[in-house]
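Got chain B; can you put chain P on it based on the hints?
Take a look at the letters that make up each chain.
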Amino acid sequence: MTLAPERLGGAVSDRATRAAAAARRRRSPLRRRAALAALLFLIPALLVFGYFAWWPILQSILLAFQQTNLVEPAEWVGFRNFEVLFADPLLPKAALNTLWFTVLSLAIGLPVPLLCAVLMSELRRGGTLARVLAYLPVVIPPVVAVLLWKVFFSPGETGVVNSLLALVGIGPLQWLQSPELAMPSLVIVATWSGAGTAILIYLAALAGVSTELYEAAELDAASVWQRVRYITLPQMRGIILVLLLLQIIGAIQVFTEPYVMTDGGPANATVTILLMIYRYAFLFGNYGVATALSVLLAIVLIIISAVYLRLTRSWSSR
Amino acid sequence: MHRRTRRALAALVVVPLIAGTAACSSGQNDATNGTGDDHVTISIMGKPAATNTAAVELFERQVDEFEKANPNITIEASDVPWDAKTFATRLAGGSAPTLLRVPLTEPPALIERGQVADIADVASELDSFDDLNPRVMQFLERDGAVYGIPEKSYAFGLVYNRDIFEQAGLDPDSPPETWDEVREYAAQIAETTGKTGFGEITTNNSGGWHLTGYDYTFGGSIIEQDSSGEWKASFNDDSARDVLELWKAMRWEDDSLGDNVLGKQEDLVAEFTAGNVGMWVSAPPDVYPNYVAAGGDPEAFGAGPMPQGGADATLAGATVLMVSAQATEAEKAAAVKWIDWRALRPNYDLEVAAETAKASAADGLPVGVPVAPIFSDEAYAAYREAIDEYVNVPVENFAPYVESLGAFEYVPEPPVASQEIYAALDPLVQAILTDQNADIDALLTDAETRVNAILAQHAS
Numbered sequence: 002m003t004l005a006p007e008r009l010g011g012a013v014s015d016r017a018t019r020a021a022a023a024a025r026r027r028r029s030p031l032r033r034r035a036a037l038a039a040l041l042f043l044i045p046a047l048l049v050f051g052y053f054a055w056w057p058i059l060q061s062i063l064l065a066f067q068q069t070n071l072v073e074p075a076e077w078v079g080f081r082n083f084e085v086l087f088a089d090p091l092l093p094k095a096a097l098n099t100l101w102f103t104v105l106s107l108a109i110g111l112p113v114p115l116l117c118a119v120l121m122s123e124l125r126r127g128g129t130l131a132r133v134l135a136y137l138p139v140v141i142p143p144v145v146a147v148l149l150w151k152v153f154f155s156p157g158e159t160g161v162v163n164s165l166l167a168l169v170g171i172g173p174l175q176w177l178q179s180p181e182l183a184m185p186s187l188v189i190v191a192t193w194s195g196a197g198t199a200i201l202i203y204l205a206a207l208a209g210v211s212t213e214l215y216e217a218a219e220l221d222a223a224s225v226w227q228r229v230r231y232i233t234l235p236q237m238r239g240i241i242l243v244l245l246l247l248q249i250i251g252a253i254q255v256f257t258e259p260y261v262m263t264d265g266g267p268a269n270a271t272v273t274i275l276l277m278i279y280r281y282a283f284l285f286g287n288y289g290v291a292t293a294l295s296v297l298l299a300i301v302l303i304i305i306s307a308v309y310l311r312l313t314r315s316w317s318s319r
Numbered sequence: 003m004h005r006r007t008r009r010a011l012a013a014l015v016v017v018p019l020i021a022g023t024a025a026c027s028s029g030q031n032d033a034t035n036g037t038g039d040d041h042v043t044i045s046i047m048g049k050p051a052a053t054n055t056a057a058v059e060l061f062e063r064q065v066d067e068f069e070k071a072n073p074n075i076t077i078e079a080s081d082v083p084w085d086a087k088t089f090a091t092r093l094a095g096g097s098a099p100t101l102l103r104v105p106l107t108e109p110p111a112l113i114e115r116g117q118v119a120d121i122a123d124v125a126s127e128l129d130s131f132d133d134l135n136p137r138v139m140q141f142l143e144r145d146g147a148v149y150g151i152p153e154k155s156y157a158f159g160l161v162y163n164r165d166i167f168e169q170a171g172l173d174p175d176s177p178p179e180t181w182d183e184v185r186e187y188a189a190q191i192a193e194t195t196g197k198t199g200f201g202e203i204t205t206n207n208s209g210g211w212h213l214t215g216y217d218y219t220f221g222g223s224i225i226e227q228d229s230s231g232e233w234k235a236s237f238n239d240d241s242a243r244d245v246l247e248l249w250k251a252m253r254w255e256d257d258s259l260g261d262n263v264l265g266k267q268e269d270l271v272a273e274f275t276a277g278n279v280g281m282w283v284s285a286p287p288d289v290y291p292n293y294v295a296a297g298g299d300p301e302a303f304g305a306g307p308m309p310q311g312g313a314d315a316t317l318a319g320a321t322v323l324m325v326s327a328q329a330t331e332a333e334k335a336a337a338v339k340w341i342d343w344r345a346l347r348p349n350y351d352l353e354v355a356a357e358t359a360k361a362s363a364a365d366g367l368p369v370g371v372p373v374a375p376i377f378s379d380e381a382y383a384a385y386r387e388a389i390d391e392y393v394n395v396p397v398e399n400f401a402p403y404v405e406s407l408g409a410f411e412y413v414p415e416p417p418v419a420s421q422e423i424y425a426a427l428d429p430l431v432q433a434i435l436t437d438q439n440a441d442i443d444a445l446l447t448d449a450e451t452r453v454n455a456i457l458a459q460h461a462s
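Protein sequences, first through last, are from chains B and P.
Following the numbering used here, the numbering of the first sequence begins with 2 at its first residue and continues without gaps.
Following the numbering used here, the numbering of the second sequence begins with 3 at its first residue and continues without gaps.
Bound conformation, chain B alone (with noise of 0.2 Å):
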């Protein structure tokens, strides 16, 4: 009698599915002692997580349907937060302005920590103190460079920004005073104190580039443009797509420096949904209301993620 081929198959897959569950058997005991050890150190740190960023997560998206003096036990309303929210002619006018920083900082903040990354690691001396320079402003506290923005930008001729651009014939613009002008400026500043973390991210990435891929493309003759597009690119290209989405829902979520420069102003021109969310809350008491906010621009940030990794999965699985 001969076995059938999958009669034999079936048999040799059996064997080994039996000695793998006896290999785990005997491995079982250990790694669950070692499992629940790991829990144990977890619990203090879940806790503290739990308590002090889960509980509150839960509570505020309780508390968009609620209306809260904060003294008074808060008192259920159902969805009128939400109505509150959409009949506010501001939330359009916040969502399209946060919408124009997103797109304002990616057109800026994305490509100009990578050019001066892939810039700075092309330095034979020198990359040491770049590197420095680069990080620089991102140690100066976020509202100390916020303010010195502020000045620089003053308007008239004496302002530093201005007076640098008198020197090519430019000017004196209205810088933050100016509905037109506001926006960019705010993102300009956002850039300035954002791209040191971000080149430093980008050139860590660089070093892990394999030289032996520079080298054989020198040896085809590949230009430095060619290297930078079929090699630096494509072998950085987590990176890339990891912080891409860091800076668009960084961007989304910008607050300090319209808080601090303008106040939202001139005439609206740089009120954002999170400076929506502050004035609600802390300015006008009304809890319920900014929460409901917070927790409508979590949902879009999450879809916004989701999307965002949906779309780029082929690239960034490639």
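One should not assume that every hint holds.
Unchecked claim - Here are the simulated DSS-like pairs of lysine-lysine, each with C-alpha atoms no more than 25 Å apart in a straight line:
#1 P:K339 / P:K70
#2 P:K234 / B:K94
#3 P:K49 / P:K154
#4 B:K94 / P:K70
As the list claims (entries may be wrong) - These stretches of chain P come out as covered by chain B in the derived footprint (C-beta under 8 Å, 3 or more residues):
#5 113-125
#6 202-213
#7 257-265
#8 420-427
#9 430-444
Rather than coming from a laboratory, the hints here were simulated on the basis of the structure.
Glycine included, each C-beta is placed from N, C-alpha and C at the ideal position.
Just chain P now, with coordinates in the frame of chain B:
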């Protein structure tokens, strides 16, 4: 990594976390244990800023004497100024101060939200309570309940730099009295000195605040209550239009408002102290101490009447002391005692007034800044007489302002949702001052819609 090392590392991370949580919780316990039945500890606002050393010394002396006179009360003072943004969260977290020191714009919202206590029973026992100025008290009393006591009151007026007036060929003893004159003077200052003729502020609700104050001088109002008791925006009219036209002309025709129109009150105080601004509108008695403490020349400080557009009215406000709704009865009583000690007696009890004035003068603090009195006119006159020998402020520089106080009608700020309304008006003022082609009518209509939406939301 070796498993044992990994565990040790995990423990290193986790232990401080637990310790941190434990520290948080024990801190909370201490706070609640501190308030026993016999001994009361109250946290109060209103300690002068640390930079004003003389004022801090005087304050601390007053605290010491108060604690000596009331051994069962301990005062914990803070120099953190009122901040609507953090107050509610501190209230929710149980760390709000017992005694709040707030501008008069705040009480309506605080009372509406039930965040402040009724102190009628303890306050009415104070000697000076019945003499408090009803013009201010009307905003602090509701249906027999008393929610606060004024520390000082003010009315809008013109703050100006006498030196700049002289440089511009203007008479520092006769400040402008109408908006037309303000416009003329500002243009002259800007042209002859190159400095900002008339300073304006537009962010953090200050644009709406100023628009309101200016609108009053043209006989306008910001909101009105109709016969059914419903509040409606009432500023889409000629008086507000006059204010906006004036701003537009000064900004774009005369160029006398300077380059920076996107600032707040503190920015303008700094610019004014530095001698870069000719005139602006604020509460002169409130600005003066900050101006002097920041190094401004007392002799250069001028206070004029609120410029008028025909209504003979001015926006009036006050700094008010209120007690948190979370205070116990004992804390409430202690807080009112302190209010009497620090804010009322030195302005009412003539002996204490003279002593306080003497000590302040010795410390180099301004004594005798003419104010809109928190007590009756008679009580104020007696107080001025009692402190007369210690007055170290150039009172004559305030004469035009003081004269106007008796002549103008005091108009309060909007009693409903004032901060939200101001926030909705800021962009309107900013649009006029940053966009040469701003359409006044369209902006007014737009702002009216917004304010009505805010009022409707408040009513619901």
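Go through the numbered hints given earlier and state which of them the structure violates, listing their numbers in rising order.
4
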